[in-house]
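Asker: Sequence:
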Amino acid sequence: MKLSELLEQIRYTFVQGTDTEICDLVYDSRKAAPGTAFVCLKGYTSDGHKFAASAVEKGASALIVSDSLDFDVPAEVAVVKVDDTRYALAMMSAALFGNPARELMTVAITGTKGKTTTTAMIAEIFEHAGIKTGTIGTLGIVYGGNTFKTDNTTPESYEIQKAMRDMLNAGCRAMVIEASSIGLKHHRLNGMTFDVGIFTNFSHDHVGGVEHKDMAEYQFCKSLLFRQVRNAAANCDDEKYAEITRDFKGSLRTFGFSENAGLRAENARLLSDGGFIGVHFETKGLKSLSLDVGVPGIFNVYNALAAISAVSFFDIPDEAIAAGLKVAHVKGRVEPVSVPGNYSLLIDYAHNALSMENVLSTLREYHPHRLITLFGAGGNRPKVRRYEMGETSGRLSDLSVITEDNSRFEDVMDIIEDIKTGLAKTDGKYVVVPNRKDAIRYCMTHAEDGDIIVLAGKGHEDYQEIKGVKYHMDERELIAEIIEELKAES
0 MKLSELLEQI RYTFVQGTDT EICDLVYDSR KAAPGTAFVC LKGYTSDGHK
50 FAASAVEKGA SALIVSDSLD FDVPAEVAVV KVDDTRYALA MMSAALFGNP
100 ARELMTVAIT GTKGKTTTTA MIAEIFEHAG IKTGTIGTLG IVYGGNTFKT
150 DNTTPESYEI QKAMRDMLNA GCRAMVIEAS SIGLKHHRLN GMTFDVGIFT
200 NFSHDHVGGV EHKDMAEYQF CKSLLFRQVR NAAANCDDEK YAEITRDFKG
250 SLRTFGFSEN AGLRAENARL LSDGGFIGVH FETKGLKSLS LDVGVPGIFN
300 VYNALAAISA VSFFDIPDEA IAAGLKVAHV KGRVEPVSVP GNYSLLIDYA
350 HNALSMENVL STLREYHPHR LITLFGAGGN RPKVRRYEMG ETSGRLSDLS
400 VITEDNSRFE DVMDIIEDIK TGLAKTDGKY VVVPNRKDAI RYCMTHAEDG
450 DIIVLAGKGH EDYQEIKGVK YHMDERELIA EIIEELKAES
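So the sequence shown is numbered by numbering that gives the first Met the number 0: it starts at 0 and just counts up by one.
No wet-lab data here; the hints were simulated from the structure. Treat the hints loosely; a few may be bogus.
The calculated lysine-lysine pairs, modelled on DSSO-like cross-linking and capped at a C-alpha distance of 30 Å, are [what the hints assert, rightly or not]:
hint: 1; residue 1: Lys1; residue 2: Lys212
hint: 2; residue 1: Lys112; residue 2: Lys80
hint: 3; residue 1: Lys382; residue 2: Lys469
hint: 4; residue 1: Lys41; residue 2: Lys161
hint: 5; residue 1: Lys112; residue 2: Lys41
hint: 6; residue 1: Lys469; residue 2: Lys30
hint: 7; residue 1: Lys148; residue 2: Lys184
hint: 8; residue 1: Lys1; residue 2: Lys161
hint: 9; residue 1: Lys424; residue 2: Lys382
hint: 10; residue 1: Lys161; residue 2: Lys57
hint: 11; residue 1: Lys212; residue 2: Lys248
hint: 12; residue 1: Lys330; residue 2: Lys469
Nothing here was measured: the structure is a model prediction, and the numbers come from that model.
Let's have the full structure, built from the sequences with the hints guiding it.
Answerer: Laid out in structure tokens, this is it:
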């Protein structure tokens with residue numbers, strides 16, 4: 000592809016060189032090779048312009064810059080100056096991969112909380128409607144049963160465009176993405192117009208350090224999404240919804256519990272039945288539905304409303320909405336696992352006191368026969384975390400099962416002793432089972448009807464880190480093994 004074709008949607012100036020042929024874009028100089036254009040991105044701690052010479056040494060055919068370079072670039076290497084190299088990378092990546100967003104049904108979700116869960120709900124609804132769907136977000140790039148890990152919730156624009164092309168090649172017809180404020184700030188989502196943009200909610204987060212300088216900037220960056228969507232829906236119970244969607248020029252659909260919501264939730268109640276833990280509610284307005292959502296907590300009604308609003312812009316049957324919401328879950332976030340007994344077994348990533356408090360408090364609302372929490376704590380991390388986790392579990396659980404969790408270079412028993420220090424501040428009961436599989440087996444074999452058991456700490460992780468080595472360990476696989484072992488023993 001000619002360099003000029005990649006630059007069609009950008010203002011640019013040729014500093015030197017000719018309109019050369021480009022086969023790929025890179026922004027890591029180590030990946031530069033003949034036929035590539037090296038885009039000099041500016042990061043928080045590094046500047047790609049400083050690595051331009053290295054890219055040229057590796058054979059890069061073109062350099063995309065916003066600043067002057069401090070070396071003499073060989074005459075055969077094209078140098079193109081643009082206003083913003085991140086914006087340039089987004090527009091060039093879209094062109095390089097043939098503008099894949101134009102061939103997909105696309106939904107982008109922004110908001111402080113709920114993006115990951117809402118993404119999972121929309122994807123599940125699409126799948127139940129027979130629409131193969133890929134997702135991009137906190138859990139990585141996911142499609143066709145495969146997960147490709149990413150460094151950020153919203154990856155760099157090149158990764159997004161490549162992922163969409165790969166999704167199309169794998170037979171996907173839809174893509175749902177979490178649009179983080181940082182991703183929007185750094186132009187990672189430019190180069191495409193989304194079919195639907197969703198706003199979930201807004202609260203204090205990501206302010207300070209290398210993120211946003213203040214709440215005003217954080218809010219502004221959230222609003223950027225609504226400059227590049229064809230349709231939009233927002234949580235009208237959030238006081239910031241009008242400001243964040245102010246740049247959207249179309250007809251805005253709203254959702255929430257309030258009377259003026261276009262899609263309104265009513266009669267919401269917690270639901271616990273035969274191992275199923277979730278929430279029931281009905282909708283009025285845009286759609287009249289009676290729904291069971293397989294994710295615990297009344298707050299997940301908002302995520303479900305966001306998902307319904309998103310798919311309402313497409314021709315999706317109500318049956319697919321109901322079926323999708325009932326089984327939707329986020330891997331490693333209060334994720335239900337099927338077990339033969341009349342109790343609930345959940346996997347969750349809660350690995351500090353705050354996240355544990357949130358999860359256990361939510362599950363407490365279901366009034367389980369017993370709330371049992373299995374957890375450990377990471378090695379080579381502040382001991383105060385262990386004390387706090389022990390105290391939190393002791394206060395909120397009927398039984399704590401203390402075990403291993405990425406002990407790293409510490410002795411598991413030393414970590415457990417620290418956890419017990421926190422537990423001692425409560426009157427909570429506990430048992431110690433150092434091996435995690437044995438601990439899970441203990442929970443399952445001692446479960447009683449109506450119990451809720453939470454395996455906390457690992458979540459979506461599929462490894463256990465011990466003495467510098469990561470060993471494969473997926474709790475879903477361990478549970479399946481235990482079930483088979485128990486069958487064989489009976």
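Asker: Straight-line Cα separation of Lys330 and Lys469 no greater than 30 Å?
Answerer: holds, 20 Å
Asker: Between Lys1 and Lys161, is the straight-line Cα distance small enough, at 30 Å or below?
Answerer: With a Cα-Cα distance of about 18 Å, the restraint between Lys1 and Lys161 holds, given a limit of 30 Å.
Asker: Taking 30 Å as the top limit, are the C-alpha atoms of Lys212 and Lys248 close enough?
Answerer: Cα-Cα ~28 Å, so holds.
Asker: Does Lys112 pair with Lys80 here, judged by a C-alpha cut-off of 30 Å?
Answerer: Given pair Lys112, Lys80 is violated - Cα atoms ~38 Å apart, limit 30 Å.
Asker: Take the C-alpha atoms of Lys424 and Lys382, compute the straight-line distance between them, and say whether it is at most 30 Å.
Answerer: It holds: about 15 Å lies between the C-alpha atoms, which stays within 30 Å.
Asker: Hint check: Lys469 vs Lys30, CA-CA at most 30 Å. Holds or violated?
Answerer: holds, 27 Å
Asker: Are the Cα atoms of Lys382 and Lys469 separated by 30 Å or less?
Answerer: holds, 22 Å
Asker: Checking one constraint from the list: CA of Lys112 to CA of Lys41, max 30 Å. Satisfied?
Answerer: holds, 28 Å
Asker: Is the hinted pair Lys148 and Lys184 satisfied, with a Cα-Cα distance of at most 30 Å?
Answerer: Holds. Lys148 to Lys184 sits at ~22 Å (cutoff 30 Å).
Asker: Is Lys41 close enough to Lys161, meaning Cα to Cα at most 30 Å?
Answerer: Within the cut-off at roughly 21 Å; holds.
Asker: Compare the distance between the alpha carbons of Lys161 and Lys57 with 30 Å, and conclude whether the hinted pair is satisfied.
Answerer: Holds, because 23 Å separates the two Cα atoms, which is no more than 30 Å.
Asker: Within a Cα-Cα threshold of 30 Å, do Lys1 and Lys212 meet the stated pairing?
Answerer: Roughly 39 Å separates the two Cα atoms, so the pair is violated.
In this structure, the hints that do not hold are numbers 1, 2, in rising order.
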